[in-house]
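Asker: This is what each chain is made of:
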Amino acid sequence: MPPRRSSVADVTFTDVELLQAADAADVPLAMDEDAFRAFYERTAPSLWGYLARISGDRQLADDLLQESYYRLLKARDAFESEAHRRNYLFRVATNLVRDGRRGAFAGHIDRSVSVSDLSADEPSSPERRADVQRALGRLKPRERALLWLAYAQGSSHSEIAGVLGLKTASIKLLLFRARRKMAALLEGDRSGKGARS
Amino acid sequence: MTPHFCPHETELWDAIAAGRWPDAADATLRAHVVSCGACRDLALVAGSLQRDACDVTRAATPPSSAIVWWRAQMRARQEAADAVDRPITVVQGLAIACAAGLLLGLMGSVAAWVRGSTGWFSPWSATVTNVVVQLAAVDFTNRWVLLPAVLICLSLVIAPVAIYAIMTDEQP
Chain F
1 MPPRRSSVAD
11 VTFTDVELLQ
21 AADAADVPLA
31 MDEDAFRAFY
41 ERTAPSLWGY
51 LARISGDRQL
61 ADDLLQESYY
71 RLLKARDAFE
81 SEAHRRNYLF
91 RVATNLVRDG
101 RRGAFAGHID
111 RSVSVSDLSA
121 DEPSSPERRA
131 DVQRALGRLK
141 PRERALLWLA
151 YAQGSSHSEI
161 AGVLGLKTAS
171 IKLLLFRARR
181 KMAALLEGDR
191 SGKGARS
Chain D
1 MTPHFCPHET
11 ELWDAIAAGR
21 WPDAADATLR
31 AHVVSCGACR
41 DLALVAGSLQ
51 RDACDVTRAA
61 TPPSSAIVWW
71 RAQMRARQEA
81 ADAVDRPITV
91 VQGLAIACAA
101 GLLLGLMGSV
111 AAWVRGSTGW
121 FSPWSATVTN
131 VVVQLAAVDF
141 TNRWVLLPAV
151 LICLSLVIAP
161 VAIYAIMTDE
171 QP
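Chains F and D supply the protein sequences, listed in that same order.
Heads up: the first sequence is residues 1 to 197, going by my numbering.
Heads up: the second sequence is residues 1 to 172, going by my numbering.
Pulled out of the complex, with its shape left as it was, chain D reads as follows (with noise of 0.2 Å):
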């Protein structure tokens, strides 16, 4: 598409915006838009638009400027509240990765000291081994068995979880 440019776009434009396009428009220029394309186009398009923003203006239905100022009012406070809490989660975050990365550092360590004694770990690894080998003798059907073992699995299980909600508890 090649475009043409007309020099009287301007002049129909104007006219158009200040409603005088057609009636009131000169009358070279209506007979100069009937011959030209690109003054057409512009006519045609620019009219409808126009009429159509009008009749939708006319007819928006906007909240109102008292219920849209509330509602920033509240929005901005309520954001303003989540930027205080942000650097406490930045801190638990941090705290956390440090703990991590300061537990995963000394099993490092361990396992290396544990690798470099074998000779001290040799006794305790049978004794480890005794133990387990007892731990299977016993027999888990007698229920004064079962009961204490049950319980001891279940608090293994739920003390993390009770203590993670007291401390979750504790946050404002």
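Just chain F, same shape as in the assembly (with noise of 0.2 Å):
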């Protein structure tokens, strides 16, 4: 028997599959082929920068995206908005970066944030980026998964406590804390810098 591909990222098309896919009645998920690729187009940047800055590994970024939007196709729940579904969404993704910490996807992860992996293609002020990659490498993944929610994202607590099942009323104080515990990383690289020049 043949070994059964575990994620969506290790499928390979071959031609005849390709023809087959084409020919074959679709399998039912829980969106319509237009609906999914206009949801995508509309979340798939930012979740990729979320899993991007999470996890600090772009080729592991890549494969939990797939894996996250192949469980939301999956999902039996009704969403009863776009802002559920992108929950949902992130929900997911998050699960897939913690769950990924302790087994498939160990090898990956938490190799600490590396600058290198991250700013290849990415435009100017390249100190100014590396010193939050740094900040952020430095943080705990669940802070790091906070402030991101919270100021890249622009969620609110009860949106950031629904991704990362937390408390709502809890959010607030975790946030402060790890705002404050980045703040004196990012001050801490700038007075370091201060000093060397």
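None of these hints come from the bench; they were simulated from the model.
Note that the coordinates shown come from a computational prediction; the quantities given were computed from them, not determined experimentally.
Note that the Cβ used here is the ideal one computed from N, Cα and C, for glycine as well.
Do not rely on the hints blindly, as some may be mistaken.
To be verified - Listing some non-contacts, in silico: residues in chain D with all C-beta distances to chain F over 12 Å:
| # | residue |
| --- | --- |
| 1 | R20 |
| 2 | D23 |
| 3 | V34 |
| 4 | L106 |
| 5 | V132 |
| 6 | A137 |
| 7 | D139 |
| 8 | W144 |
| 9 | P148 |
| 10 | A149 |
| 11 | I158 |
| 12 | V161 |
Unchecked claim - Facing chain F, a subset of chain D residues (Cβ under 7 Å, in silico):
| # | residue |
| --- | --- |
| 13 | A17 |
| 14 | D41 |
| 15 | L44 |
| 16 | V45 |
| 17 | A46 |
| 18 | S48 |
| 19 | L49 |
| 20 | D52 |
| 21 | A53 |
| 22 | T57 |
| 23 | A60 |
| 24 | P62 |
| 25 | S65 |
| 26 | V68 |
| 27 | W69 |
| 28 | A72 |
Put the two chains together into one complex; each comes in its own frame, and the hints tell you how they fit.
Answerer: Structure representation (structure tokens):
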């Protein structure tokens, strides 16, 4: 019996498979193709950025992104709105990163956030970006996720609580602590550079 | 660390999120941030992450939606096929478990029966011992004896493997 494929990213196509796929009737998924592609175009860049910053690995971000969308497509939940669906997607992605630290993706995750991994194609201000990446890399994964969701994504406290599986009432305090920690790291980087120059 | 929540944080965050911070922000808010530690942290962290998010999103290279859709289709199809196979495997497992249970039960019954009829068993036991003694006396260095003996042993080993292979091939 041939080995089973374990993730969406592992699926490769032969010409025969592509022809079969074109001919066969669609497998029922939670969205139709047009709706999925429109939703994907709206959400994939921000989800990819989130995954890249939380995991610190571009390749892993690609894999987890595809897995997250697959799980969304297979979900039996009824989504009340686009925001609800988006939050569900980010929650799945967060859980995949968390699970990955313990299992399948452990080899990829937590090599600490690498500047070279993420800055290769990015535009100007490399020093500023490096500072942010370094500071994020020194935070705990949950702190990284909290700060990113709050200030990079602009999510509300209740949305953050939903994505991270925390109580809404605790977000304010957790955010305060994470923010203090990151500010100290950023200020430390800056004063260190000031002292050297 | 004692948290200090400043009432100006919301106003400051609104200015940062709207891109008004720091140049287009209210002068009083700017003056406040200079003197408030919590707001200074917020301005530093939120401003840095906002800029970083813009850079990362601009440079994001997620796979195309078409590829992700097709891969999801392929995987869903594969999982559907696996789900069809699963009940067959379960039934096979149950059948093997039942057969093993039946065999063990039979062995238990036979053992009890044998223990209960030792008088009947004694002559048979003597016969078996006699056969074993005769077998031990056979000269296995003689090739006309050795060859059939080896063939019999080999067939005893190969037959179950062959039956298993045939049964496996028959499965789709």
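Asker: Indicate, hint by hint, whether the structure satisfies it.
Answerer: Here is what the structure says about each hint:
1. R20: holds (14 Å)
2. D23: Fine: 17 Å to the nearest Cβ keeps D23 of chain D off the interface.
3. V34: V34 of chain D is indeed farther than 12 Å from all Cβ atoms of chain F, at 15 Å.
4. L106: Its Cβ never comes within 12 Å of chain F, the nearest being 33 Å, so this holds.
5. V132: holds (44 Å)
6. A137: Given a closest Cβ separation of 49 Å, the condition holds.
7. D139: holds (48 Å)
8. W144: Given a closest Cβ separation of 45 Å, the condition holds.
9. P148: holds (38 Å)
10. A149: holds (37 Å)
11. I158: Per Cβ check, I158 of chain D is outside 12 Å of chain F; nearest 23 Å; holds.
12. V161: Check passes; 18 Å lies beyond 12 Å.
13. A17: Holds - the Cβ of A17 of chain D comes within 7 Å of chain F, reaching about 6 Å at its closest.
14. D41: holds (4 Å)
15. L44: OK, holds: L44 of chain D within 7 Å of chain F, min 5 Å.
16. V45: Check passed: Cβ of V45 of chain D comes within 5 Å of chain F, closer than 7 Å.
17. A46: holds (4 Å)
18. S48: Since chain F brings a Cβ to about 5 Å from S48 of chain D, closer than 7 Å, the hint holds.
19. L49: For L49 of chain D, the interface hint holds, since the closest Cβ of chain F sits about 4 Å away, which is under 7 Å.
20. D52: holds (5 Å)
21. A53: holds (3 Å)
22. T57: T57 of chain D check passes; min Cβ-Cβ to chain F is 5 Å, inside 7 Å.
23. A60: Where the cut-off is 7 Å and the nearest Cβ of chain F is about 4 Å from A60 of chain D, the hint holds.
24. P62: holds (4 Å)
25. S65: holds (4 Å)
26. V68: For V68 of chain D, the interface hint holds, since the closest Cβ of chain F sits about 5 Å away, which is under 7 Å.
27. W69: holds (6 Å)
28. A72: holds (5 Å)
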